[in-house]
Structure formats: structure tokens, C-alpha cells
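Those protein sequence lines, which keep their order, are chains A and B. The numbers in my numbering rise by one with no breaks, and the one at position 157 of the first sequence is 157. Take any residue in the second sequence, count from 1 to its spot, add 1000: that is its number in my numbering.
Hints listed in this document are in silico derivations from the structure and should not be mistaken for laboratory results. By construction, the Cβ of each residue, glycine as well, lies at the ideal position given by its N, Cα and C atoms. One or more hints might be untrue.
Covered by chain B, per the in silico footprint, the following chain A stretches (three or more residues, Cβ under 8 Å) [what the hints assert, rightly or not]:
#1 4-13
#2 133-146
#3 269-279
#4 427-434
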Amino acid sequence: MLFNSLQYLLFLPTVFILFWLAPVRLRVPLLLVASYIFYMSWRPEYGLLIFGLTLGNFLLTPMIAKASSPKSRRLWLSLVVAGNLITLGVFKYYLFAFDLAKATAHLFKISWSEPTLSIILPLGISFFVFEFIHYAVDVYRGKPTVKSLPDFMLFASFFPTQIAGPIKRYMDFIPQLGVNSTLKWDYIDEGVQLILLGLVKKVLIADQLATVAQAGFGNVHNFSGLDLWLITYAFAFQIFYDFSGYTDIARGSALLFGYKVPINFNLPYLAANVSDFWHRWHISLSTWLRDYLYIPLGGSRCGRLFNYKNLFLTMALGGLWHGASLHFLVWGAYQGILLILHKEYLRVLELLGISKRVLASRLYHAVSIFITFQLVCVGWVLFRADDLRIATRIIQKLFLRAPVELFHLGSTKLTVLHISDPIIFPALLLILPALVIAHLTVGWLNNKSYYLCPPLPVKIGCMLALLCLIVIFSSDSSPKFIYFQF
Amino acid sequence: MQTPTPTAFRWLQSPVLWTAAIFILLNASLPHCAALQFDSYKFPYRGWSWWLMNDLKRSSGNSNTAIMGSSLIVTANSGVEANYLGQTVNLTSHHKATYLDRLLKEKFGGRFNTFNLAAPGLMASDAYLSLKTMLESGHHPDVLIYGVAPRDFVDSSVKCPADTDVFKYLRRLTKIDEIADATFRAPLERIDWWLQRNIYFCGTALDYQMLAGELCQQVLAKVLPPRATQPPLSLAEMETILPKFKPAATHPERSRIEPTVAETVRNQFFDNRGEYLERYQWPNNYELELTFLERIILLCKEKQVQLVLVNMPILPANTTLLPKGFYRSYQNRLKSIAKRDNVPFMDSCDPLVLEQKDFHDPVHLNAFGGQKFYSALVDGLSNDVVSRKALAAAGQRGQATREIAGKAQPTN
Chain A
1 MLFNSLQYLL FLPTVFILFW LAPVRLRVPL LLVASYIFYM SWRPEYGLLI FGLTLGNFLL
61 TPMIAKASSP KSRRLWLSLV VAGNLITLGV FKYYLFAFDL AKATAHLFKI SWSEPTLSII
121 LPLGISFFVF EFIHYAVDVY RGKPTVKSLP DFMLFASFFP TQIAGPIKRY MDFIPQLGVN
181 STLKWDYIDE GVQLILLGLV KKVLIADQLA TVAQAGFGNV HNFSGLDLWL ITYAFAFQIF
241 YDFSGYTDIA RGSALLFGYK VPINFNLPYL AANVSDFWHR WHISLSTWLR DYLYIPLGGS
301 RCGRLFNYKN LFLTMALGGL WHGASLHFLV WGAYQGILLI LHKEYLRVLE LLGISKRVLA
361 SRLYHAVSIF ITFQLVCVGW VLFRADDLRI ATRIIQKLFL RAPVELFHLG STKLTVLHIS
421 DPIIFPALLL ILPALVIAHL TVGWLNNKSY YLCPPLPVKI GCMLALLCLI VIFSSDSSPK
481 FIYFQF
Chain B
1001 MQTPTPTAFR WLQSPVLWTA AIFILLNASL PHCAALQFDS YKFPYRGWSW WLMNDLKRSS
1061 GNSNTAIMGS SLIVTANSGV EANYLGQTVN LTSHHKATYL DRLLKEKFGG RFNTFNLAAP
1121 GLMASDAYLS LKTMLESGHH PDVLIYGVAP RDFVDSSVKC PADTDVFKYL RRLTKIDEIA
1181 DATFRAPLER IDWWLQRNIY FCGTALDYQM LAGELCQQVL AKVLPPRATQ PPLSLAEMET
1241 ILPKFKPAAT HPERSRIEPT VAETVRNQFF DNRGEYLERY QWPNNYELEL TFLERIILLC
1301 KEKQVQLVLV NMPILPANTT LLPKGFYRSY QNRLKSIAKR DNVPFMDSCD PLVLEQKDFH
1361 DPVHLNAFGG QKFYSALVDG LSNDVVSRKA LAAAGQRGQA TREIAGKAQP TN
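The task is simple: from the sequences and hints, build the whole structure.
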């Protein structure tokens, strides 16, 4: 069941009405049933898998707390984490592992025929597993266990965040259950507003840009270097609007039941460096990686080289979490290298004694944002390309061909201008600057009270416009949310 | 200082409620706004039905006969036409059957002007809508020859009658209320249909999308004027870049049929059994599509159009792909429906008349097979009393119409 489908349009209000009509003690079970219906509408048999995984974690994680010695606590933790990771590995990485084994065998001239298995990746399993690991590690660190199975099951399967997050923390989520016993107009107003905004981001922006990215990344030879820069920017905005649209709908849906789930984005393309970018992009994942991978590896409380190793490993594994493919691993490694280079850059600046006034200047900030955006976009090429070979070809064109084309712009033919239908291709030259301006404007407005709490007529006007746009532009063939595949 | 709204009246401050109320008001009032009327003939792409219906819209309405069917009729007729006229025929603009007109004239006298309402992939449900749209647009043929084959009733690639591109386009041109129950059977399809009918913006979404597209084109043309040095990409290039974009669009440059030579054509037999094996997988909609055939019969009776039902020739290589006994039962069903409703029925699937050399593939006739088919058809029509009478009358009406038109024309 997709958020932008007719099924969800019927499902959400039905659950909403039943939830608020039900007695308080029945609300968690009701949401739980709704969440399993939501999940099983895709593949009923995988409902059992999620139930099994949830039950296993619910029963085994308290053993960590109950264990008498640090050694046995560590053993129980390892068992729970390994169980979750093995499940994820079996469903998500088996093909990747076979491919690697095949490539290695080929290297040593050993004949290898991989077994034929047809395992379908359960939706959202990466998110489930990360939430379970977080629970186990937090319990290991001394936080309380969840006593109620329905509460824990709902934490794991809560339908708004089930498929693509945001990755929740149980200490934030579980205390909310049963607290808000009366429906408030604020829940409806804010929730619906977020849902409408999310749908518009998806339908009106991401889906349109998806056509461009699909064409560009699938047919590199048809496009010039400059075209590919435009297409890469288009993908950068597509993935942002797709995922942040999804997150808005998830947050809005959760809010309708009075629950708050974490934000995932904070104007990421206004980041002034890569470290800042990861504080603004997929925040629930980056904080998870920090708390449950980077810090356990040693974080920055060790030597510089070890710190860099930890950074690199964390980001590379974070990349691999997105998908069982080499290009995701390389994308993660690229992010790790950028973070290391940024740390080195800061060290050099310090050694050179560059004045803080220069670093705080508006020009330096603007240039930093511009460069960070370009670096992030190069990363998106690795992320979006079907494989590393295609990514390499695109990057070659971006850096070797595009500068030449830029200096001979008269003779350069931008292929996007030759495509009149769909109109999104030539319109890129207007839409991309408009999106950049929108990003800057929202960044500027973000702490203005007028923007945070506009007058009622403005709110109504905006919501009405969003509603009409969604109804008009919602298409039966809208692509899935990008993060559904992870 | 702003006074907080008392809790009892908090709902008055809810933007969601206000938005919903205004949205409902807009939906109720906009359908009556004369300034917001859209051209229903417009569509985001030009598929077979777009070309057909726009041709019908332009033409004068003096066709006294019509042929209808799927690609089996299209290929047979277009090959015959190209050879008969000795020139390339473009399927997007040539919706005539001049060779058939000649045969009919020779056999029944008078004058014939046949409109070819056939389109590739036409299911019986599509055929019903095509005929209905034709009749509503001021065209009234005296005789309609409808050629059918099993695929027109059982195509597995069509899960619901509303899935076809023909249906999607024609539902804009004619009301489908009477077939909505039969067409939209799944609960979500029904809800979607209800929304389309009752929510203004749902029903006109496509029109607004096209309007937005046109506005964008205009803005772009002003901001980024197209330069002479930027020719649009060719169709082949576009298909490489966006293979799934508007797949049902029919391009004039891809719809040309050249005259053919018998020897060349006969050496080009193509085996498409794989495709039909897929199409015949689940004959789930068989009974439903047969009800559309019955609707066509009823519509013809109501509008006093003489229908002739023809079972199109196909080779055993194709019929054997159907479940065992299906083809025989299908033939019997056609016969019994035709008999029950007094509709002349011709079964052209006779291996003695048409053999493999007359076909492009196991289902589509080539130009020479098409010629044989038409000859056999006209012979069959002359042997049937009802058809003969109807065609003779149609020929006379065609002649009379022409004479009137001739007199009405000013002479120099």
C-alpha cells in the first residue's frame, strides 16, 4: 500500500476514525492490527516474518538486562544483534554475497555456479532491523526494557514509519502510547498539512524529475556532459523531494493519532560542508549510524587515523545498508572520504591560522554551500547509477566533457532542449533554479514567525492549492518512493 | 494581544475544515462555469482511437457502411488498400475501405463509402464504445461489418475493460454510465469511478494536466525560444531515451503500409505464437466481453444499423493455443448469439479458402489474403437475405446522397 495510492486514501481515514472512537485501552491493539494489515497488503506471508522478528527481539533483549555478568550481557547483545543482522543478510545481501564469491572464485579460476534462490526482499526490513538493534544496544547501555508486547510490536510495525522510516527511538515513541487520549484539532490540522505537503513534493516534483533521471541515467551516451550535470541536479532534487515527501506523509499520518516521529530533513542542500550535510540529510539514519556504529567503533575518542577509519567504515556500511550493490558501498565510502577530507581541511585551516572572520563571512559560507552541493551531487551519481561502470562513465563526462562544452557553449547541443515532450526536459533550465531559490527562501523564512504560523486565510489558501494540485496531478503510474527499495 | 479561541469553537480555526468546505464548494460550482469547458477530443497522446475519432469528427458523416474489429481487420484492409490504390497508405489518416467499396458496388449496386472503425487491440468493450461514439457524433452507417476473433474476448493482458488505451480515450467522448457496473468490478475501481464522476477535479484532472502542459510550453517558448539549430529528437532516439513514455501513441511515420508483391510477402511469415500464448493465458473476461458483443447488437438494433458479425480467419496454429475445446465453443457461442438476435453471421475461418500463404502470421492476413477474405465476405453477404437487402438499400442511399451532394455543389 503506497502512501500516494487510493488504498491509503481510504485506509488512513478509516483507521483514524476507528482509533479515536475506540476506548483508550483498545487503541494500541487497533493500530497494531491496522499496521499488520498495511504490511500484509503487500505480501501476507511476510507479516509472519516481521511478527517472528519482533517476538524474538521482545523475548531475547530483556535477557541482556537480566544477565548477571558483563560478559554474559555482551554475549546476549551479540546474539540479538547477530540474529537481526543474519535475517537482514539472508533477505537483502545473499545475492550480493554470491556475486562477490563468484567474482573471487573467477579471480582464482575456480568454477562456481551460484545456487538459484528466489528470495524477495521484505519491505522495510532494513528499518525494522535498525530499530531492533537500537533497542538491544540501548537496553545493554542500561535503558529500561519494554514490558508490553503490543507496545513493542507497535513500535516495530507502526504503519506510518514501517516501510521507510524515520527510524524511531523506543524511548521517544513508547511513552507517547496512550498519553494523548483526546483528539485535538491540532493533530488534524498539522497532520493533514504535512500529508498534503508530502504528497505534493512526491507527485508534483519528485515524480516529474524522475522521468529526467530515468532517461539520463539509463542512456548516458545520449546526453552531453552539461546535460548530465542538469540530470544529476534533477536527481538530487528528486531524491530529496521523494524522501522528504515520504517523511512528511509519515509524520503527518502519525500525528493524526497524536504521535510524533522524528524529522529526517533540515534543508540538506544548504549544508556548508559534508559533515553539516549529514546533520541535515536522513537525520534518523545518520544519528543511528553515529550512536550504534560510529561510537561503538570508538568514534573520535581515539587517534586521528583510527577516527578516520571509524568514519570511513561507518559511512561505507551506511552506504551498503541502502542496497546490496557495489555502487552503494562506493557511495558510502565516498561520503566517508569526504568527511575525512573535511576534517583534514579544517586541520589545515587551523594550522594556517586562517582568520575566523574569513570563515564566518557570507561569501565563504555561500561558496561552501555551492561546493558541498556539487560534492553531494557527484555522490548521487554513484547512488543512482545502475552500476559502477555507468557511474564512472557519467562522472567522466561530468568532469572531462562538461568543462569543454561549457567553453564552447555555442556549439554544444543540450539534448534536454531537443525534447519537447515531456516538457520537463527543457523546463529543467527553469525548474532547477526555481528549486534552488525555493530551498534558499525556505532557509531564510524558517525562523520567521510569519512562516511558522501564518494567518488562517493563508493557511487555507495554501492547503486548498495543495489539495487541488494533488487531485489533478496524482497519477495511477506514479513511481514508488525511492526509499521503499531499501 | 490575540484572544485564544474557546475550545468549543476551536473547529472554526481549523484550516482543514475550511479547506474541505471550500473544496466541496469548488467541486459543486466549477462544473457549471462556462469558461472552464474542455475539448474532450484532446488527449495527452495520439493513439489509434484518437486518430479515428478525430477523423470521424472532421468527416461529413456520409459513410453508409462501416467495418469494425481489431488488428485482424486493420492489417487485412490496409494491405488490400495499399495494393489496390497502388500507393502507401497511412493508417493514422486512411480510414477507408475503397477496395471493399468497389466489391460491394459490383455486387449490390449503388455507391458505398465505408468507414474503417477498426483499431489494433480492440476488445469487444472497446468496439462497443467506438460504435457508440461514432453514432453519437452524427455518423449513421446503414450496415456495420464487425469482424471478431477469440482474442477480442479473452486477452490476458487486459485485466479490466477500462485498462485499454482505446477505452481510456473513448470514455472522454461518450458516457459510460450504462456499462460502469460491468466495467468497474473491483471495489477500488468502483471507488475510483465514483470519484471521477463526483469530484470535479478528479473527472477533469487530465484536462487540467494538459492545460498545465500547454501553459508550460507557452512560458518556455517565451523564455527559451526554440532555435532553428535545435531540431527535436527523432522518434527512434526518443524511444531509446524514454522507452515507456506514452507507449500507446501511434505515430504517422510508423503507420505507413506500402504496396506489396505476393512472393515477397509469402516469404515473410512470422511466428507470433509466443505472444498469443501469453494473451490466451487466463480467459477470465470472456463472458464479460461477450456481454459487450450483445450490447453492440442491441445498440445496432436501437439505432437501426444492420450488423453483420464475422468470425475472422485465423490459422489452426493460433486456435490450438487456446484451452482445449475453447475455439469450438467460441464459434458456437457466436452462432447462437447471432441466431438469437437475428444477426447475420459469417464464419470466415475456413482453411479451404485461406491458407498460410495468405497470412503475415497465424492471425493477421496479408494483402492477398485480405483480398480473398473480402471476396469471400461479399459473396457470403450476397448469399444472406438480410445482408443483401440491407446492403442494396445502403448502396441506393449512398448513390442518392452523392447525387444530392453533386446538385448542391455550385457549378462554375
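Structure-based check of each hint:
For the stretch 4-13 of chain A, the assignment as covered by chain B holds, since 3 residues bring a beta-carbon within under 8 Å of that chain's beta-carbons and 3 suffice. By the rule of at least three residues with a Cβ nearer than 8 Å to a Cβ of chain B, the coverage given for the stretch 133-146 of chain A is violated, with 0 such residues. As drawn, the stretch 269-279 of chain A meets chain B at 0 residues by the rule of a beta-carbon pair under 8 Å; below three, the given contact is violated. By the rule of at least three residues with a Cβ nearer than 8 Å to a Cβ of chain B, the coverage given for the stretch 427-434 of chain A holds, with 3 such residues.
Checked against the numbered hints above, the structure violates hints 2 and 3; every other hint is satisfied.
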